[in-house]
Amino acid sequence: MAEYLILIYGDESAPELRDVEATNIMMKGHQEFGERNAAALRGGNALQPTSTATSVRQDAAGGFVVTDGAFAETKEALGGYYLVEAADLDEALALAKQVPMPSGGVEVRPIRTFD
Amino acid sequence: MLAATVRVTGDIDLAEECVQDAYARALTTWGTGGIPEKPGAWLTTVARRRAIDLARRDSVRARTLPLLVEPVGSEPGAVEVAEIIDDRLRLMFTCCHPAIGSEAQVALTLRLLCGLTTAEVARAFLVSESTMAARITRAKKKIAMARIPFRVPPVTELPTRIDAVLSVVHVLYSTGHTAPAGADLIRRDLVERSLDLARVLRTLLPDNADVAGLLALVLLTDARRPSRLGDDGRLVLLPDQDRTRWDRTAIREGVALVREALARRPPGRFALMAAIAAVHAQAPSWEATDWTEIVGIYDLLVAIWPSPVVALNRAVAVGLAQGPGAGLVALDALGDEPLLATYSYLASARADFLRQLGRRADARMAYEEALLLSENAVERAFLEDRLGQLEH
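Protein chains in written order, with the working numbering: chain B, 6 to 120; chain L, 1008 to 1399.
Calculated directly from the structure, the hints in this document are not laboratory data.
Keep in mind that a hint or two might mislead.
Said to hold, decoys possible - Computed beta-carbon distance windows for the label pairs:
(1) B:ARG114 <-> L:ARG1241: 22 to 30 Å
(2) B:ARG114 <-> L:PRO1313: 49 to 57 Å
(3) L:MET1372 <-> B:LYS80: 48 to 56 Å
(4) B:ARG114 <-> L:TRP1037: 44 to 52 Å
(5) L:THR1349 <-> B:LYS80: 32 to 40 Å
(6) L:THR1210 <-> B:LYS80: 55 to 63 Å
(7) L:ALA1340 <-> B:LEU88: 47 to 55 Å
To be verified - Below are the EDC-like pairs computed for lysine to aspartate or glutamate, each with C-alpha atoms no more than 20 Å apart in a straight line:
(8) L:LYS1148 <-> B:GLU8
(9) L:LYS1149 <-> B:ASP93
(10) L:LYS1045 <-> B:ASP120
(11) L:LYS1148 <-> B:GLU96
(12) L:LYS1045 <-> B:GLU96
(13) B:LYS80 <-> B:GLU21
(14) L:LYS1147 <-> L:ASP1306
(15) L:LYS1149 <-> B:GLU96
(16) L:LYS1148 <-> B:GLU21
(17) L:LYS1149 <-> B:GLU90
(18) L:LYS1149 <-> B:ASP95
(19) L:LYS1148 <-> B:ASP93
(20) L:LYS1148 <-> L:GLU1164
(21) L:LYS1045 <-> B:GLU90
(22) L:LYS1148 <-> L:GLU1044
(23) L:LYS1149 <-> B:GLU21
(24) L:LYS1147 <-> L:GLU1023
(25) L:LYS1149 <-> B:GLU112
(26) L:LYS1147 <-> B:GLU21
(27) L:LYS1148 <-> L:ASP1249
(28) B:LYS102 <-> L:ASP1020
Glycine included, every Cβ here is placed at the ideal spot set by N, Cα and C.
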């Protein structure tokens, strides 16, 4: 078995996010996803919007530069994640396809292991 | 052999090492004990055993990789043919997994399943060798790191996974049909392997129109193989081929498959290409070929598959249907296509039309350009011939 991180990307300015009913549908979707795949789930969280993000970079002098905002400014921002366990990529992709993604998509990344 | 070993190691690089080890052992063992009855099976068994050995010894690897270790027959040579075909198919679906970019899929299959060198694969794709090497390495890493499984997908997923596999078989056939480099025009091994794979896919998916179209295309094009080389080893083009030497059994099978493949609307690209091959296969002579029909099929093909090479073939057909002047106009419209800039067929097709129009100086330049771009010895001899004829 291996672990994969399913990164959930979405458009933060999507109107559905301010719509109570759409939000409820999405929350329900995540709840169902969690119940259906409890055996594979190792963790997961929703994130606050990128407006709350702070990025830290190291500069050439060895100091730190702290800036307001997400690391990369893209239309679709990272909004949450699941950590899942799967036998192979096909199994991880089958899980990923069940994640609610109303205004974007998900990225599946294998977790690196160190021995 | 590699396909069978990958199933044991679950790791392509490791499998390649095991196969190399097996060859090294063959050099010493066969030297003293003689060559075994089935050398290929012997090598496969030795490579797989080496893989199993390594897997047992290397507990870290055993824990982190998907090991599908199976009992191996006690005698080298016990590997069954059916099992080998299964392994190839499995590796094929792995190489053509949607998580791998489509360009890398074909490249990986040619490299891993068909044993083409990176340089040969690069030429088949009209890219530089270093670009291709990087593409293949990246794809192999992705398979290992993301754990793309080695298996034939379940029936429900097959229709969506099959197109990539068919494209690969097609490129494989095209590469064998006219080898991109080397002394021989045709690489029989590649042609036969693509035909095998197409037949296996047909058995696996008997109702799939694209599979039928691909198999038809391979059969109908390959039916001309006996007439493509003259007795002196020179290239004989379609107009001059001895049609009595075409394989009529293959043509009959191919034509029946084309009918089946065209029954689906809209027809897929392999069905259309096979339909073009069928028009040629059934024409009594080059002159009596229905070129207008062929241009019509190319128009449909370009619409669903806007490939520069297809556009080039269409332009050539336009020249044959409407005369060399019209053909030249159609070819010159493709002059800006960067993918065709290093493709010898564009230059040689232009040269032919210019020759027919009596523009000898322009034709000579075009033949010289084609010669610079072609690395296949038989093709080069043909181009030199044409160039020589212009001097008189």
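Flag every earlier hint the structure violates by its number, smallest first.
1, 2, 6, 10, 12, 14, 16, 20, 21, 22, 23, 26, 27 and 28
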